[in-house]
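Residues per chain, in single letters:
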Amino acid sequence: MIDAPDLSLAALAPLLLVFGAACVGVLVEAFVPRDRRHAVQVAVALVGTVGGFAGTLLLAGTREVTAGAALAVDPAGLFLQATVVGLGALALLLFAERSLDPARSAFVASAAVPAGSVRDRELATSSRVQTEVYPLATFAIGGMMLFVTANDLLIMFVALEVLSLPLYLISGFARRRRLLSQEAALKYFLLGAFASAFFLYGLALVYGATGSIRLSEIRESASAEGGGVLLVLGLALLVVGLLFKASVAPFHAWTPDVYQGAPTPVTAFMAACTKVAAFGAILRLLYVGFGTEEWTWRPLVYGVAIVSMVVGAVLGLTQTDLKRMLAYSSIAHAGFLLTGVLGLGADGAGSGLAATMFYLLTYGLTTLGAFAVLTLVRDGDGEAVHLSQWAGLAARSPLTAAVMGLFLLALAGIPLTAGFTGKFAVFRAAIEQGAWPLVLVAVLASAVAAFFYLRVIVLMYFSPPAVDGPTVGVPGVPTTLVLAVTATATLVLGIVPGPVLDLAERAAIFVG
Amino acid sequence: MSDFPWLVAMIAVPAVGAAVVAALLKGRELLAKQLALAVSLVVLALAVLATVAFDRGGDRFQLTTSVSWIPDFGVDFALGVDGIALVMLLLIGVLVPLVVGASWEDPAPEGRSMRVFFAWLLLLEAMMVGVFAATDVFLFYVFFEAMLVPMYFLIGSFGGPRRQYAAVKFFLYSLVGGLVMLAAVIGLYVVSSSQLGEGTFAFDALRQLEIDPGVQKLLFLGFFVAFAIKAPLVPFHTWLPDSGAEAPIGGAVLLVGVLDKVGTFGFLRYCLPLFPDASRDFAPWILGLAVAGILYAALLAMGQSDMKRLVSYTSISHFGFIALGIFAFTTEAGTGAVLYMVNHGLATGLLFLVVGMLIARGGSRQIGDYGGVAAQAPKLAGAFLVAGLASLALPGTNSFVSEFLVLIGSYPSRPVFTVVATLGIILAALYILLMYQRTMHGPPRGVLMAAPDEAPGALGGGSTAVLTAPAPAPSRLRVADLSGRELVVVAPLVALIIVLGVYPQPLLDLIEPAVTATLSDLGAPR
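From first to last, the protein sequence lines are chains S and Z. The numbers in this note's numbering rise by one with no breaks, and the one at position 135 of the first sequence is 135. The numbers in this note's numbering rise by one with no breaks, and the one at position 100 of the second sequence is 1100.
No lab work stands behind these hints, which were simulated from the structure alone. Wrong hints could be hidden among the right ones.
[What the hints assert, rightly or not] For each label pair, taking beta carbons as the anchor points, the in silico distance ranges come out as:
id : chain 1 : residue 1 : chain 2 : residue 2 : range
1  : S       : Asp-379   : Z       : Ser-1305  : 42 to 48 Å
2  : Z       : Val-1416  : S       : Gly-434   : 39 to 45 Å
3  : Z       : Ile-1408  : S       : Ala-466   : 58 to 64 Å
4  : Z       : Val-1416  : S       : Arg-506   : 56 to 62 Å
5  : S       : Leu-58    : Z       : Gln-1034  : 51 to 57 Å
6  : Z       : Val-1488  : S       : Gly-434   : 56 to 62 Å
Don't be surprised by glycine CBs; every beta carbon is placed ideally from N, CA and C.
Go ahead and model the full structure; you've got the sequences and the hints to work with.
This is the structure in C-alpha cells:
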C-alpha cells in the first residue's frame, strides 16, 4: 500500500491559488457569455496572481520540505516565487490592455483560423477578443512557481513542461503578422522539445549514477562517490536543458525569433518571468544538488557565461529590430546572471545566490518595462519596432522617450538605476570567489552592449523625426500602471536599493 | 558654521534646480535662464562660504557628512573635501554661472528648447560637485558614471553637425574606462573585506590597507585606465577633440575645464594613496605617456584648421603637464599640478568662450574663415589674446605659476622627462600665436568679406552651424564687438587670470597641505 505524502497546505497556498485561478479560467471560458468573458478572465487571473504574490509574502521565512520531499518551500524559493508571480501579474496587465490596438487586443481572435483566409480577414476587423490567453498564462506562471521550488528532478521536469507548453501556444497568438508569430511558436516548440529531451536524458543518467532524483540525495551520493562519467554527463545534460530556457548562448538560437514573433506582451512575459524561473531552477540544481562538487559545474558555467555575454553583446550590435535587439540584450544579461551564479563559495558561503536573485528582480522589472514601451509606439501595421521608426521620438512624445531612456540606461547598467545595483552585486559575488577574469570580460561586454542601448537613445533624442513616423498611443490604465511600477522600481532600486538587497540577502537560503 | 552641510547643499541645490527648470512649462525660456543663473550663483556662494569654513591647518578631510546608504555593500553617502577637492569646487562654482551667461542668447537647435539645456547643465553641476566631494569610493564611482548622462545629452542634443557621433564616442570611451574601474573598485572592496573583516569603500579605511604588490598592480591599472581616458593621456585621447569640437560652447568649457580634471584628480586622490607601490613602479611609464602627450598633442594642435579642435588638442598637451607634475612625486610638482588644474580650467575656459563668441559671429569654426577681426572687434581680440597668453603660460598670467612649479618640482626627481617637456612650452607659443595672428590680424578674410545680403544674420551672433563657404565679395562687414553681456562673462575670468598670475598664494595655501598628505601616503618624497 502507498502512503499519501504529507502536504503542508499553508506552504503550498500560493501555488494552489495560482493553479486554482488557472483552472477557474478554463471553466470561465466554457460557461461565461462572450461579452463578459474578457473582464471576468482578467479578474480571475489577477486575483490568482496577486493572491499568490500576497501568499508568498506572508510565508516569508518558511523553511519546509513538503509533498513527500518533492517541494522545498524555503526563503530563496519564496523570493523567486514572489518575483515570478509579481512580474507575471504585471505582464497580465499588459495582456489586458485594450486601448492601444484599434482591434482592442494584441491577440488574435481565433488562433485556429488559417492566417490570410477569408475568415481571418473577417475576424481581423471584428471586435471579438481572445480570452484563452489568460488561463494559459496563469498556468505558465504556476509552472514557473513550481519550477523554482522543485526539490526533485522529476517535479522539476513536470514544472518545466507545465510552464513551457502554454508559452509555446501563446507565442503564436499575435493579432498582426500572424505567420511570423506562428513560425515563432513552432520554432520555440521544436527547440523547446529538444531541450526537454536533454533534460530528461540527463535526469535518467543522474538517476543511474546516484540512484535518486532528490537533489539532496544526489549531492550526498556525489560527494561520497565522486563524479563518475554518468553523473557528469547527466549534470551537463540537465544544465543544457535549463540554459535553453534561460536563453543562454550557445543555446539561444530560438530567442531572437521567438521574441520578435510573439505578441509583445507575451515577449515581455517571457523575457521577465521565464528568465527568473529558469535561473531559479539553475541555482537550485547547482547549489543544492551539486553544491560542493565545484569541479563539476564551475568550468561549464564559466565558459557559457563568457559565450553568452559575447554573443549577446556583439550580435545585438547588428540588430535593426528593437524586439530582436532586446532579445540579444536578454542573452547578454543571462551571461551576467551566470557570473553571479559563480559567486558560490566553499560550503555554500558567498553572496552569489542573493546577488543573482536581486539581479533577476531588477532585470525582470526593467525588461518588462522596456517591452511595455514598445507596445505604445505604433504605425498602421501594428507596433513600430524598426529602429529607424524611432527617430526623433523625443520630440513627438517626451514622456515615452524619457521612460524608454531610463530603461535603456538601466539595461546598460548606468549608476542610479536598478541595472547598476544588480550588476554591482553579481560582479562583487564573482570577484569574491576569484572570478575576476570573468568579470573583466563582463565589463567589456557591458561596454559593447551599451552601444546598442545608446543607439536607441541617439535615435530618440538626437535625430530629426522621421517624416511619416509612428504615432505614440495613449495607453489605458493597465499599461500605465505597468509603466509606472516598473519605472519607479527601476529608479528606486538604483537610488535606495538597501531594503530589497537586504531582503535578498536574508532570503538567500536553500533547504532540501 | 562649519556644521552646516555645505557639500550636501552644493549637490542638492543644483539638482533641485535642474528638476525645477526641467519642469517649467514650454515657452518660459527666460525664466529658465534666470533660474539657472540664480542657482549657479547660489552654488558659487556656497563654494566660497565653504572655503571660508575650511580650516587650512585642520584635518585632511573637512566639512564631512556621512550617512549609511547601502548597508549590504558597506556603502556610505560620505562627503568631505581636502584642499585639492575644495579648489576644484571653487572652479566649478566660478565656471558654471559664466557658462550660463555665455549661453544666454544661444538659439536652441530646431525642435529643442534651451530650458532643457539649462536643466542638464545644472544636473551636470550637481554631479561634478559630487564626484570631487565623495570620500567613499563607491559614491565616487556612481557620480563618475552618472556624470556622463547629462554631458551626453548636452553634446548630443545641442552640439555641432557631428554631435551624434561625438556624443556616443564620448559616452562609450568614458564608460569603458569606468567599467574597468568598477572591476577594480570591487577588487578593492574584496581586499578590504579580507583584511578588515568587513568590506568597506571608505577612502580613509582603504588607505590603510596593505595590498599585495601583484594585486596592487592590477587594481592600479583598473583605476588608471579610467582616469587616463578621462584626463585624457595620449593613447586614450581620441575622443576629446571630437567631443570638444562638437559640444556646445558651454558644454565644452565644462568638459575640458572640469570634467577632464576628474581624471587627474583621480590620479592624486585614488591611484597614489591607495596603490603606492604600483604607482612608483608605473611612474616612469606614465611620465613617458605624459611627456609624449605634451609634444604630440602640441604638434597636432598646430595642424588644426578648426579652432575648437585646436583648443581641445592644447588641452591634451596641458594634461600632459599635469600628469607630469603628479607622477614626479614631489610637493612642488604636485602642488603645481593641482594649481595647473585650476588655472587650465580658467584659461582654457576663457579661450573656449571667446572662440565660441567668434564662431557665433562668423558661423564657422575654421581658422581660414577669419582674418583681421581685431580691427573691427578690439575687445573680442583683447580677450582672445589674454586667453591665449594664459594658455601659453606667459609670466604674469596664472598658468605661468603652475607650469613653472611643475617643471621646477619635477626636475630634481625626473630631469630627462622635464627637459623634454619644456619643449612643449615653445610649441604652445606657436599654436596659440599662429591661431591668434591668422584670425585677428592681417587683411580681412573669409566671413568678413561676405556680401551684405548673403550672410548678415550670421554676423551679429547666431548659430554655430557651419555655413556654406561664403562667396568672396568686395564689400566689408563689421563684426560686432563684445556686447555688455559678453563682457560680463569674460571679465571675471580675465581678472582671475591676472590676479592668480600675480598672487596665487591663497590657492597654494589650500593645496599644499593636501598634496603633502597625499605624498606621505605614497611614502614620498624621499
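Distance restraint hint 56 to 62 Å, applied to the beta-carbon atoms of Val-1416 (chain Z) and Arg-506 (chain S) = holds, 59 Å
Given the hint of 42 to 48 Å, check if Asp-379 (chain S) and Ser-1305 (chain Z) actually sit that far apart at their C-beta atoms.
-> This hint holds: roughly 44 Å between Cβ atoms.
Does the hinted range 58 to 64 Å hold for Ile-1408 (chain Z) and Ala-466 (chain S) at CB?
-> Holds: the Cβ-Cβ distance is about 60 Å, inside 58 to 64 Å.
Regarding Val-1416 (chain Z) and Gly-434 (chain S), is the given constraint of 39 to 45 Å on their beta-carbon distance met?
-> Given about 41 Å between the Cβ atoms, the range holds.
Outcome for the supplied range 51 to 57 Å, where the beta carbon pair is Leu-58 (chain S) and Gln-1034 (chain Z) = Holds: the Cβ-Cβ distance is about 54 Å, inside 51 to 57 Å.
Is the distance from the Cβ of Val-1488 (chain Z) to the Cβ of Gly-434 (chain S) consistent with 56 to 62 Å?
-> holds, 59 Å
The structure agrees with every numbered hint stated previously.
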